[in-house]
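Student: Spelled out from the first residue to the last, the chains are:
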Amino acid sequence: MMRSAIAVAASTCVALVLTITGVARAETVSVDTSSITRINPDNSPATLRLVEGAFQGVGFTDCTGNTSFVFNVAIGDFSSTTPTTYDLEVWVGTGDCTQPDATHDGSGSCWPVIASMVPSTPVPITVRVQDLVSNVGILPPAQAYTAATVNACSTAQNALSTSSTMTTDDAGNPITVSGQATLNVFFMLFPIGGAIMPAAASPAYPIIVDFTTPDPASSVTAAPGSTELAVSWIASPDSDIAGYNVYSAPAAGAADAGCDNVINTSTATLTVVTGATTTTLVGLVNGTSYDVAVTAFDSFGNVSALSNVACNSPSAINDFWTIYEQSGGNASSCTLGANGAPAAGILAAMGGLVFLNRRRKSKRQVDR
Amino acid sequence: MPRGAHAADSDFPRKHESKQWFEFELRFAPYWPNIDSQPGLTGNPYHTIFGNTARLLVSAELDVQLLRIPHFGSIGPGLSFGYTQMSAPAPLADGSGVSAENTNIEVYPFYLTAVLRIDGLLRDFHVPIVPYVKLGPAYTLWRVFTDSGTSSYTNPVTGKTTTGFGGTWGEQLALGAQLNLDWIDRRGSGALDEATGINHTYIFGEWMFVNLDNFGSSSALRVGTNTFCGGLAFEF
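Residue numbers (this note's numbering), protein chains in the order written: chain A, 1 to 368; chain B, 1001 to 1236.
Hints in this document: simulated from the structure, not taken from any laboratory.
Ideal Cβ positions, reconstructed from N, Cα and C, are used throughout, including at glycine.
Just so you know, not all the hints are guaranteed correct.
[As the list claims (entries may be wrong)] Label pairs and their in silico Cβ distance ranges:
id : chain 1 : residue 1 : chain 2 : residue 2 : range
1  : B       : Gln1085   : A       : Ser218    : 27 to 35 Å
2  : B       : Leu1232   : A       : Gly275    : 32 to 40 Å
3  : A       : Ser239    : B       : Gly1040   : 53 to 61 Å
4  : A       : Ser239    : B       : Ile1184   : 48 to 56 Å
5  : B       : Phe1110   : A       : Pro45     : 48 to 56 Å
6  : B       : Phe1110   : A       : Asn264    : 50 to 58 Å
7  : B       : Phe1110   : A       : Ser218    : 47 to 55 Å
8  : B       : Ser1087   : A       : Asn286    : 16 to 24 Å
9  : B       : Ala1054   : A       : Ser218    : 31 to 39 Å
10 : B       : Ser1152   : A       : Ser239    : 41 to 49 Å
11 : A       : Gly328    : B       : Glu1106   : 17 to 25 Å
[Stated by the list, open to error] Sample of chain A residues at the chain B side, in silico, Cβ under 7 Å:
id : residue
12 : Ser313
13 : Ala316
14 : Asn318
15 : Asp319
16 : Ile323
Only chain A is shown next, with the shape it has when bound in the complex (with noise of 0.2 Å):
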């Protein structure tokens, strides 16, 4: 219920204002949906994962590679006093982070992710994800800002998985959260001098957190074919599998030496596998044992364990033709046996009717 409230708050974000009783301003804080980014540390872009229709999701894997949201951020009615009057921080939180005590009043529910910058407008804020999940499992939250680390990510994933109490509701009651978390990203003007409440804020803007690995497949195997092997597996159990990661190699050792039924997936060939539990690879070496597993991953990137290795070797085939050549078969298009003559009077007999019949109908008209 929360989450469909917050998704239709989301799609009309653009310029809402948040008007708090007995704080006069007029800044407006808005966020363009439409242009969220996300980046590497490089600064390369990264996968932009859209979830649930149109929630950005983060995977274990996003916080683990340490990437970070871009939003564009814009304010409304900016004025040479903004940047002397207001500070822009970004707050993030299960609940609303624009009340009173979500934030600055030292045991709210929300955390800060960016804990000061002077205002302009328009400004890209670049928001990492360690920063977004650092606060997950942990109560109360931090209110004080500190850049996280990669060590956030396992203790998100600890939480997420030990359905555990994570934070606090707006009114102070505790939020267990089991698998996923949504978390509310707030952008928000504070008037310079320790002010508790926001003067402005932009909409809340969901992204959903799931670090739970997903459960391998099972039951890999590879049947052999012609410089080929069909690869089959039994699709892991969880429900919201996005696809397999096919991962091939030949087997250890410069002359083939058999199965081993071991892989390297890091420098294994990958095959990635959408809305099905078989693939063929093909380009493979007749004679030579390759070693085949399979991992499953979600929406959100997740990945699981890998599957069993299987373990085959392409192999020469005898197919059709193959055997009917060999039995003797040679056959030609080109060569017509004894019958061929009556068989094309046949046809220039229905030719010859059509011919007659045009003719006929022809006269008939003629003679009209």
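Given chain A, work out where chain B should sit, using these hints.
Tutor: Coordinates of chain B only, in the frame set by chain A:
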């Protein structure tokens, strides 16, 4: 006698209907090619690979009812085109079993036929049965392929390479009968004619003899078949 007119004073077939020149058939038939009947073959290569299971041959035919013979029927040419495919796991060359790779034959039959339809019974005596005979030359394109593409074979003795793609000529004969469906809903069939120009609708069954051997050649892939065929027909 003008087309569409009827000798009998009855509403079945209808007195007034649109011009009728063509018949279109949707045809379905179980298909067993006669490949293993080729002279000189050792063993039964088709049966060995594909077994006895029939494949479904789907085809369409358009006949032109060119000449009408009063109180008897019509005669005219027809053209038929069909498709079917056979697939089965290919045996491993070392004899250790079957592979995961399929070997396949796809078949595209083309028939040019002279069609004699004896619909005088229907038109004059309201008997909703229309016997017919079809006869004509046939040509069938075929291709043998695997996941790697069209198959080929190099004879280890002669070094000659053959490719599993070609066509086979022959002749076809069909004997069948159509059951007119207009009697199920006579008003409906009249409305169908007015709305679409479809004069009559039939279901039919026929026995089809398709002999494809390049007219007696012993080196033709015999993809003809003798089989029952059924389907729906529309005259318009």
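Student: Each hint needs a verdict: does it hold in this structure or not?
Tutor: Now for the hints, and whether the structure bears them out:
1. Gln1085/B x Ser218/A: 27 to 35 Å: holds (33 Å)
2. Leu1232/B x Gly275/A: 32 to 40 Å: Since Leu1232/B and Gly275/A have Cβ atoms about 35 Å apart, the given range 32 to 40 Å holds.
3. Ser239/A x Gly1040/B: 53 to 61 Å: holds (59 Å)
4. Ser239/A x Ile1184/B: 48 to 56 Å: With Cβ atoms ~49 Å apart, the hint holds.
5. Phe1110/B x Pro45/A: 48 to 56 Å: Given about 53 Å between the Cβ atoms, the range holds.
6. Phe1110/B x Asn264/A: 50 to 58 Å: holds (54 Å)
7. Phe1110/B x Ser218/A: 47 to 55 Å: holds (49 Å)
8. Ser1087/B x Asn286/A: 16 to 24 Å: Holds, since Ser1087/B and Asn286/A (Cβ atoms, about 22 Å apart) stay within the stated range.
9. Ala1054/B x Ser218/A: 31 to 39 Å: Given range 31 to 39 Å: holds, Cβ gap about 37 Å.
10. Ser1152/B x Ser239/A: 41 to 49 Å: holds (47 Å)
11. Gly328/A x Glu1106/B: 17 to 25 Å: Distance hint for Gly328/A, Glu1106/B holds at roughly 23 Å.
12. Ser313: Since chain B brings no Cβ nearer than about 10 Å to Ser313/A, farther than 7 Å, the hint is violated.
13. Ala316: holds (4 Å)
14. Asn318: This hint holds: Asn318/A lies near chain B, its Cβ roughly 5 Å from the closest one there, short of 7 Å.
15. Asp319: holds (4 Å)
16. Ile323: OK, holds: Ile323/A within 7 Å of chain B, min 5 Å.
Of the numbered hints stated above, the single one contradicted by the structure is hint 12.
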